[in-house]
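Number of protein chains: 2
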Amino acid sequence: MVFNGGYMGQILRVDLTTKKISKEELDEKSAQMFIGGAGVGIEFLYNEVKPKVDPLGPENKLIFSVGPLVGSMAPCCHRMAVVAKSPLTNTVGMALSGGDFPAELKFAGYDALIVEGEAKNQVYIWIHDGEIEIRDATGFWGVQTLDTQLFIKDAINEPRAKVACIGPAGEKMVRYACIINERRAAGRMGLGAVMGSKKLKAIAVRGTNKVKCTDETKFKEALRELYDAMKESPVLYPAFSKLGTAMVVERAIELGIFAAKNWSATGVFAPVESIGGEAQEKYYTIGRGACYQCPVRCGQRRYVKSGPYAGFITEGPEFETTYSFGSMTCNNYLPAIIAADRLCDEYGLDTISTGVVIAFAMELYEQGILSREELDGLDLRFGDHEAMIEMVRRIAYREGIGDLLAEGTKRAAEIIGKGSERYAMHIKGLELPGYDVRGAKAHGLSYATAYTGGDHGRGYAIQEIFDTPVPYSVDRLAIEGKGKLCKWNQDVRTSVCDCMPFCAFVFDMAIAEIALELLSKFYGSLTGFNITPEEVEKAGERVNNIARAFNVREGFSRVDDTFPKRIMEEPIPGGPLKGQIINTGQLNKMLDEYYEVRGWDKRTGAPSRKKLEELGLKHVADELARLRKP
Amino acid sequence: MVFNGGYMGQILRVDLTTKKISKEELDEKSAQMFIGGAGVGIEFLYNEVKPKVDPLGPENKLIFSVGPLVGSMAPCCHRMAVVAKSPLTNTVGMALSGGDFPAELKFAGYDALIVEGEAKNQVYIWIHDGEIEIRDATGFWGVQTLDTQLFIKDAINEPRAKVACIGPAGEKMVRYACIINERRAAGRMGLGAVMGSKKLKAIAVRGTNKVKCTDETKFKEALRELYDAMKESPVLYPAFSKLGTAMVVERAIELGIFAAKNWSATGVFAPVESIGGEAQEKYYTIGRGACYQCPVRCGQRRYVKSGPYAGFITEGPEFETTYSFGSMTCNNYLPAIIAADRLCDEYGLDTISTGVVIAFAMELYEQGILSREELDGLDLRFGDHEAMIEMVRRIAYREGIGDLLAEGTKRAAEIIGKGSERYAMHIKGLELPGYDVRGAKAHGLSYATAYTGGDHGRGYAIQEIFDTPVPYSVDRLAIEGKGKLCKWNQDVRTSVCDCMPFCAFVFDMAIAEIALELLSKFYGSLTGFNITPEEVEKAGERVNNIARAFNVREGFSRVDDTFPKRIMEEPIPGGPLKGQIINTGQLNKMLDEYYEVRGWDKRTGAPSRKKLEELGLKHVADELARLRKP
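Line by line, the protein sequences are chains A and B. Note that the numbering used here has the first sequence beginning at 37, numbered continuously upward. Note that the numbering used here has the second sequence beginning at 37, numbered continuously upward.
Just to be clear, a hint being listed does not mean it is correct.
Copies of one chain are not kept apart here, so a pair can be met inside one copy or by any two copies together.
In silico SDA-like links for lysine to any residue, alpha-carbon gap of 25 angstroms or less [said to hold, decoys possible]: (1) Lys574 - Ala191; (2) Lys235 - Arg434; (3) Lys59 - Gly564; (4) Lys189 - Ala326; (5) Lys189 - Tyr328.
Hints were generated in silico from the structure; no laboratory data involved.
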């Protein structure tokens, strides 16, 4: 099989148990059906990871999947999907990361790297084009992520290498540990814990190949269209370049949906003047970092100049981190958010889950469910940023109560009991992002149904946040019509981006209306496989179906597509959206519409045979039937 | 003028006021008289920096001087001297650094870089072989040293560049701020403050030239001798490679000269089992770092695995840091020493001065001279490592009391008054290293007379610490004969190493007996200038003379060659050397002998015309005469 252009055509497989290293051809049909990135990664996961395996055991696999646009001359597409069964949710675990590592993996000649088994001793993988080594990492075990990258580049004597690695949290299998490359994270779902369970400290890669273009004229045309659209965007350069995702803080507060105090307070917490995007820009930003070849450079370098957190610097904090370590924990001292963000990066912790878990513990403490003694003496009150920062470390190192909280809100609540599950703000085990979905219903539906659990990244309903009219305008408070919108957001807005991959921010702010045409043009001109915009959309849908099938096979069904009780029983207590709720009836109505639009079984929430066969996934339909699902 | 081999022959001069960049030839005569490194740097300082200039003003110059051995195939010589008038002492400021930067500067084609003037806005210098740019550094101002290196490599898109930079402490002109390159420091004398006063954040360098060898056969012969001597050393690989300088902790405690509690306690403080080199190796070491091409790799990567300082990692702590943040502050919790070490590196602070200054403040607090209010509420007691760590940050950022302590013990005592000068453990303003000189008299004499002030690096009397018989055995407690020994240590053991440069540790542990022959062989085979071992020694002596002349010109004289009162009035209170002291009479006796051996004026301590002329420094003698010194 011959691959051109955007595909390298090679899958690198490293078995850490047997130390066997092998290369195989990427299947051409897979490449067209699933495009790349999350799609190709999840297909491998579905096909190769058997049901019910322990996510932290050797049977789980950790897949790094780039995609056809990666390494090309196009901007905003040099990303990778990291895929495994999630130790936090037991669903598909998938998270994307940018930075420089993904392009480097492509330049080394690979569309994906599949890590299997479990090393006996701590190791790292060194990929130098075609040469692959499994090397001893005992000298790097325990080291934080930025030092790890430096030490490993030093050890391989290749400063141009890029390194993806875990920190102490991944080593200790904190269930929401992330993987860090450069200053970017494959943040959610505990993929760092999977890496830690395999005793894989890091992957270093240096590649010297080039991505070829099959149809230069068409590619350049697409490139021009993309740059034009980016330039014309009223938001991308004027605001997003300067503010990063933190610019959404103001908007969420204005709408009254910036979830606060473990979702018990009105969504207008957090004085904009102290933690909003404008404040971050004005008082803390000193420069900007970027992913490979990105002209937008949204990675705002924010820096604490004085006070107890002086010296902390981060490319962030993002909107979600401002939520998790700000409004959620009632902390309005931005330097502490910056410090927590940096510490999470250094320890290798997902910032959303970490902050939400701490807010959960704060509420349990204030409710009297956890005593100060149980918190090892820490006076963990809402608003106490010192206690918050201290808890980040205890979680990363699983010290004392940190060991319990390292399990995530769902498992911790199960262990603690005493009604604590009411305060565990997660869906399927994944801690919730910062948009209060009681005031943004399609957003809520996507949280409830995303294959990764409570994840804003898998179907972000931007129409409800910024009134964007693509594919059409909606009333954020309406229940009706949200199933259809959610499907579009999941299939097009998200999955297509996850597969190419393409930056979801640039998608939203510059190309949403022309995305399918434009991305199919990029895809075609790079790979030589011409697929229509409709086929691109279909690929996005296919990914959501095979991922759903994976989850069904793991035992998930309609009953899991739900919210924490707080969302369904307690209305937003104040602010412009005071009184908003998503009760059981409303949720069911949205779900019915959603399954209908998706062609999924309304009783079980499983993809129907008809839908699967329509998507060319007959083998999946057959397997679900064998398992009597649905 | 044609230079061969080990000299590049080019001096790069960057005037930050005028933005003028120029290159000039290294003077051949200078190159032979002063060899390189500290020698060449101090000659520039003497010739170009007028008496009495403000060390933090634009008339001071900051000189980075490599040397003839740097960048060659020889190991343990890839170092640089950084030279300026010191803002801490007003004497010659000189400190050496290893790592990778010095060799890279040489590969770029320069024997020295002289930075003059003062930039209007914050800048960094980017040296790419012959291309030099002065670039805007406002986006890096405030950033800690490791991040700075990464950000700058990112900005110039050259991961192979090496970066020397300052942290927040240098920017804020803490008088003992250092310059960091990689994980190495030009640590002492406040050279980072000089860099900060020039608004120079960093120097990035990438070089692609090669150092040629004039006489390959002779060079290889010298190389073999060096490697053989290193291999045969009973200490170098068996102990030093594994333990680093921390191995000296045990020895100093055994001898009873590990200065403790601001020099008020017996020199046996600090339980060896918790902070000694063996403990550091056993419980904290996870790997090793090295300077360019060094097979010894003494940079012990020590790492805190758990507890409040979990995650801190450093290539150290060195012996001196174990003293300053350990015995001096009565802290026997090694993780706090590791944390303080890393923080000093990140902030860009000299670890010795910082710890000594904090110990000074601790004593003032316990003596009631500084109140808790004056310490901004900090309960800064001996042994309280949390308060110690907090104070490191306050000094780096000049917060509250930190602003005063950032001036160093000498100036702080002058401002505080109330008898506090008794507790200020410095010589000429430079805070004292960890060897209690009351029990090692030649060591003491070198502190008292070194051109840099209380500096163990400028005449380390290893004969008194490890009973080494080179050039001869001595009784560490004797007063007699120490003048001669001190001269040898300053001229040969130290200055020759400072000029080639060559690693003083490897000198001590492997080549002391053959050093002059070996280094003259390296020098000759690399440069083609054949100078005898005697001439090499003479060059070392020349450096100490011109440096002394610089200090004399600044107003220093015999009365400044002294100790803090505590050393001369309080005997060691316990341990094996209980009762030892260096009183005024003993000091004077040693000084008389020292000046005699040096050919210096006994009344003023200034070099005599005869000595200066003998060393080819007639112009120096003339200038001193013009200034009526002596």
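Which of the listed hints are not met by the structure?
Failing hint: just 1.
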